[in-house]
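Residue numbers (the numbering used here), protein chains in the order written: chain E, 123 to 235; chain X, 35 to 147.
Some clues are possibly wrong.
Unchecked claim - The calculated lysine to any residue pairs, modelled on SDA-like cross-linking and capped at a C-alpha distance of 20 angstroms, are:
#	chain 1	residue 1	chain 2	residue 2
1	E	190	X	39
2	E	214	X	39
3	E	190	E	231
4	E	158	X	91
5	E	192	E	136
6	E	214	E	132
7	E	214	X	46
8	X	91	E	221
Said to hold, decoys possible - For each label pair, taking beta carbons as the anchor points, the in silico distance ranges come out as:
#	chain 1	residue 1	chain 2	residue 2	range
9	X	60	E	227	38 to 46 angstroms
10	X	118	E	173	21 to 29 angstroms
11	E	181	X	52	42 to 50 angstroms
Said to hold, decoys possible - Covered stretches of chain X, as calculated for chain E (at least 3 residues, CB under 8 angstroms):
#	stretch
12	51-59
13	70-79
14	130-136
Just so you know, the hints here were simulated from the structure itself, not pulled from any lab data.
Predicted model, so just to flag it, every value in this text is computed and none were measured.
Beta carbons are placed, not taken as given, at the ideal position from N, Cα and C, and that holds for glycine.
Here are the chains, one letter per residue:
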Amino acid sequence: GEDVEQSLFLSVREGDSSVINCTYTDSSSTYLYWYKQEPGAGLQLLTYIFSNMDMKQDQRLTVLLNKKDKHLSLRIADTQTGDSAIYFCAEKFHQTGANNLFFGTGTRLTVIP
Amino acid sequence: DTGVSQDPRHKITKRGQNVTFRCDPISEHNRLYWYRQTLGQGPEFLTYFQNEAQLEKSRLLSDRFSAERPKGSFSTLEIQRTEQGDSAMYLCASSQISDYEQYFGPGTRLTVT
Chain E
123 GEDVEQSLFL SVREGDSSVI NCTYTDSSST YLYWYKQEPG AGLQLLTYIF
173 SNMDMKQDQR LTVLLNKKDK HLSLRIADTQ TGDSAIYFCA EKFHQTGANN
223 LFFGTGTRLT VIP
Chain X
35 DTGVSQDPRH KITKRGQNVT FRCDPISEHN RLYWYRQTLG QGPEFLTYFQ
85 NEAQLEKSRL LSDRFSAERP KGSFSTLEIQ RTEQGDSAMY LCASSQISDY
135 EQYFGPGTRL TVT
């Protein structure tokens with residue numbers, strides 16, 4: 123399966139932490155990604171995690187991976203108004219040699235000042 | 035700026051016309067990808083090149099779509115006899131063979147009237 127699911131909307135207050143969740147269905151995924159898209163723009167790669175890792179931290183971003191539940195999350199600490207955007211989870215498979223990414227529908231994060 | 039660039043950024047065309055988009059990848063990147071993103075959805079894979087070879091095509095890529103990367107550098111995506119359903123953002127991404135990171139361009143927004 124290539125279904126990647128995300129909740130559509132998330133609102134948080136400035137300064138709080140945001141947690142964006144994603145579930146995927148294919149256990150053969152080897153890499154999982156988080157991208158950010160601002161209005162009218164392309165996608166900005168935020169971070170990615172290998173499937174043999176449980177956690178990855180990069181400044182304000184923390185990625186958690188639960189392979190058993192096929193659940194990926196992105197935590198943004200001290201959320202700022204500039205973090206308002208759509209966040210996409212994406213997975214990449216290795217077994218077929220395919221190199222394309224499968225994306226979720228995106229979560230629109232709104233940061234309230 | 036050494037990021038992925040796309041041209042044009044916006045294109046409005048009438049149904050039945052042909053359109054061509056261009057993508058210039060990051061200079062040392064061997065792989066180049068095309069994705070399509072419709073409103074409210076995540077990007078969907080269309081096709082990818084490794085150097086000048088087109089290695090994979092999605093079933094989304096109908097016969098009206100053709101992509102080329104003649105010298106292994108820039109790529110073009112042509113849509114013939116455009117239909118209203120072709121209205122979307124067309125995104126290009128590039129990566130190195132040994133790299134797990136795909137970097138996206140700003141996209142070309144196509145509107146078919």
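Going through the hints against the structure:
no., hint, result
1, E:190 / X:39, "39 angstroms, violated"
2, E:214 / X:39, "23 angstroms, violated"
3, E:190 / E:231, "27 angstroms, violated"
4, E:158 / X:91, "25 angstroms, violated"
5, E:192 / E:136, "29 angstroms, violated"
6, E:214 / E:132, "25 angstroms, violated"
7, E:214 / X:46, "33 angstroms, violated"
8, X:91 / E:221, "11 angstroms, holds"
9, X:60 / E:227: 38 to 46 angstroms, "27 angstroms, violated"
10, X:118 / E:173: 21 to 29 angstroms, "40 angstroms, violated"
11, E:181 / X:52: 42 to 50 angstroms, "45 angstroms, holds"
12, 51-59, "violated (count 0)"
13, 70-79, "holds (count 6)"
14, 130-136, "holds (count 3)"
Of the numbered hints given earlier, the model fails hints 1, 2, 3, 4, 5, 6, 7, 9, 10, 12; all others are met.
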